[in-house]
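> Residue numbers (numbering that gives the first Met the number 0), protein chains in the order written: chain A, 0 to 337; chain B, 0 to 304; chain C, 0 to 256.
The reader is advised that the hints may include incorrect statements.
[Said to hold, decoys possible] Cβ-to-Cβ under 8 Å is the rule here; a few derived chain A residues that face chain C:
id, residue
1, Leu183
2, Met203
3, Ile232
[Claimed, not checked] On the chain A side, residues computed to face chain C include the following (Cβ under 10 Å):
id, residue
4, Pro104
5, Gln108
6, Leu111
7, Arg202
8, Thr213
9, Asn218
10, Leu222
11, Ile227
12, Glu228
13, Pro229
14, Gly302
15, Arg306
FYI, nobody ran anything at the bench for these hints, they're computed from the structure.
Just so it is clear, the structure is predicted and the values come from calculations on it, not from any experiment.
The beta carbon of each residue, even a glycine, is placed where N, CA and C say it ideally should be.
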Amino acid sequence: MLKLNFSLSRYPNLQLSRESWVNLALLLAMVLAPVIATAMDEVYYVNLSTRIIIVAMAAVGLNFALGFGGMVSFGHAAFFGLGGYVAGIAALHSFEDTLFLGLVPGTDQMLLIWPVALIIAAIIAVLIGAISLRTQGVYFIMITLAFAQMIYYFAISLTTYGGEDGLSIILRNNFVIGDTNNPLHFFTLCFVALLMSLWLTHRMVGSRFGAALTMAKLNDTRLATAGIEPYSIRLVAFVVSAMITATSGVLFADLNGFVGPSMLSWHRSGEIIVIVVLGGVGRLFGPIAGAIAFVLLETFLGGFTDRWQFFLGLILLGIVLFARGGLIGLMTGNARHG
Amino acid sequence: MTLALALEQLLNGIQFGVMLFLMASGLTLIFGVMGLINLAHGSLYMVGAFVCAYVTGITGSFWLGLLAGALGAAMMGVIVEVLVIRRLYHRDHLDQVLATFALILILSEGTAWVFGSQPLWLDIPSVLKGSIELGSVIYPIYRILIIIVGVLVAVGLYLLISRTRIGMRIRAGENDREMIGALGVNISALYTFVFALGAALAGLAGSLVGALQSVEVGMGEPVLILAFVVIVIGGIGSIKGALIGAMLVGIVDTLGRVFLPGIFEWFMEPSAASSVGSGLASMLIYLLMAVVLAIKPKGLFPANA
Amino acid sequence: MVDSIAEPILRIERLHKSFGALHATDNISLDLRKGEIHALIGPNGAGKSTLIAQIAGSLKPDRGQIFLDGEDVTHLSVAARAVKGLGRCFQVSSLAMPLSVRRNVMIASQAISGSSFRFWKAVESDKALIAAADEAIETMGLLDRADVPVSFLSHGERRQLEVGCALALKPKLLLLDEPMAGMGAGGSERFTMLLESLKLEIPILLIEHDMDAVFRLADRISVLVYGQIVAHGTAEQIRHNPLVREAYLGVTDEVDD
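Please take these sequences and the hints and turn them into a complete structure.
See the structure below:
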């Protein structure tokens, strides 16, 4: 945060900071990888890139609440899974030509699914946030964890939608342009979604709301004494964060053709936090770096041994104890401040 | 629904509550004294169960296994505290959450590496296998043992904290961490002791439940989250809160699962009632937590009001 | 000139707060009038900061009412009272350390110039907001330090910044809790002159231990001991009040001052 403020008020937009170069490089890598993979006819790597992008977007959502808002939510998997289940349930009803709850028809159109996912995520986030944000610190962490568990167990009890085994999405949902079954098209769709979430986050952090949110994170006594209610600011940030993560969940379900309770598990919540921290908490492009690192670890280390999470644990422990700025902090030489 | 059934389920609820208390008391002590949120507590529960199963397997004695489980978890607790946990006391909660989450990964995968991913065999010793009559209820002896253990632990903790020197230091530490350091109490040793005590309780719980259910990797995680709910309801840092919260959660959850589907059958057809009922039952204690928090955001008996 | 006929800008009626058997605030009534500095003095532990906390809204009283410019604000939050014109400075500076002086002040200017739920326009290029903040910063003489992160400011500058943040609210009154604590003689002198210049526009309820400053600045003084106001009057009256001299200033009438 320190660096960001200095560079904004001191240097005009002409000069790019070291952090911006790193960010640009990451974006470029993410664009080139699937293009090259397609040219080499390696579908697997295109899908891998898509996975990275989607996971990064989930982390972008959490980073808004956690990194910029200081809210350690251990329940963001709830929103991730929510998005996934919206996609899955809509696709199921559309495929079987049945009605959800006997009232609402399914759909296989993403442009319809996304708003539904956004609205439902917003409602759940308001409910969870309204209660959780009345608490502070450790309570907040545990409560968000507990509410996510509640949703997890609820999903398991929904035998109509797969219960413990989850739900398959036979046909990937459609978008208005392009063919979502084409891996590169789907990648582009997800990439654009990620860029939009980054742009949104960037604008919001720089706005009046962002200024209030930053103050809520740094010193909420100062914020209240200055005349702004910390609770309302945090609640809105929490809801926006949930909505972004939920959208990534929709895409994730479509990528894998499957949604299950594991998308809602607290392990998943932990993984999303890990990705944010790996990349650097409160840094705009941190989630991308974190997602690249995490997914590559998961894929390649996981290829060697089923016990790859043992090493993930060691790496994470190492970062927490010794490398406090995450990967971007390491690359740009800036430790996290505060 | 007969009285006998209700009583039996009530006893089940109490037994469940006891097990939650063993977990929650450790968690809440660790938070109250050291200000540390410990996600790895569920892993210590698991370690206790594995050690118990292993020792019972080689010695043939469940009692030895039980002791080994508690001690094994305590030892793991000491190792973890010295190597990792003590670097976290002055860090913010996010760092503590991440580091202890990392410990879960290390301990879970490590256990699977050592013991394989199949569950371990642990059975109730034959002397405890039967049931006895309690009025109109016929109840398994083993579960009664668990309840007795819980009562003993609760009494023991009470005596420890209110009657011993260490207990005095614990109470002082809960009130003012910097002060007791200034007064010359060996903080390091105290913290290690508290952490090991919490670990031992978790290991004991894991060993007891392992014989009842199964001993497998990841068994501690659902319990951990329930323990969190318990201490949030009871008030973080309060042992009394942990006891009452644990009983509340144990009884509400057990009775809810048994009777809710039945209640819904009054006005719904059986299959719908069953799914709605069990869905609601699984959410019940979280709803309870939400209601408690809406009225008392710091839990029922917060340690620092 | 103190306007004693009009409605006081701040009126506290029978405010009461107990912590168990301790009456931190024992049925206190007092007021703050336009154009004055009303000082609150008393030994440590008398309940001064507890009283300020209740006036500001960060602590809920057990009984009693608080009126800001005639309006009952007893049940309003800290932020709501701030927007209505209640500026507060803390005994221990409460600032956002990594942020610049300007960013700290801008948040207050933001609060009184429209909604904070605007998500798009960049705050860094909001000239009106920056100008409003700079006005308050300049009053405190910190304009040349406006871009400096607070962590690099001296103690005295941070105390000044606290007041600057409060001023950015265009407040109707100021609650100052030991603003000059830890300041050297030069800083205290400058600060005292500043407060004198402010009081005509913005009445001040001041907690201070620096007796020179108190007797120089205060139009009225209330003495708080064990949660109760044991003496109240003009600076001259209080200076010669035997009870106060003995209990608080530690002077008995056997020894001449």
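> Now tell me if each hint is right for this structure.
Verification of the supplied hints:
1. Leu183: violated, 32 Å
2. Met203: At about 5 Å, which falls below the 8 Å cut-off, the nearest Cβ of chain C leaves the hint on A/Met203 intact, so it holds.
3. Ile232: With a minimum Cβ separation of about 7 Å from chain C (threshold 8 Å), the hint on A/Ile232 holds.
4. Pro104: violated, 34 Å
5. Gln108: violated, 28 Å
6. Leu111: At about 25 Å, which exceeds the 10 Å cut-off, the nearest Cβ of chain C leaves the hint on A/Leu111 violated.
7. Arg202: With Cβ-Cβ at 5 Å, under 10 Å, it holds.
8. Thr213: holds, 7 Å
9. Asn218: holds, 5 Å
10. Leu222: The hint holds - A/Leu222 has a Cβ within 10 Å of chain C, the shortest such distance being about 7 Å.
11. Ile227: Hint holds; A/Ile227 Cβ to chain C Cβ min 5 Å, cut 10 Å.
12. Glu228: Since chain C brings a Cβ to about 5 Å from A/Glu228, closer than 10 Å, the hint holds.
13. Pro229: At 8 Å from the nearest chain C Cβ, A/Pro229 passes the 10 Å test, so the hint holds.
14. Gly302: violated, 42 Å
15. Arg306: violated, 40 Å
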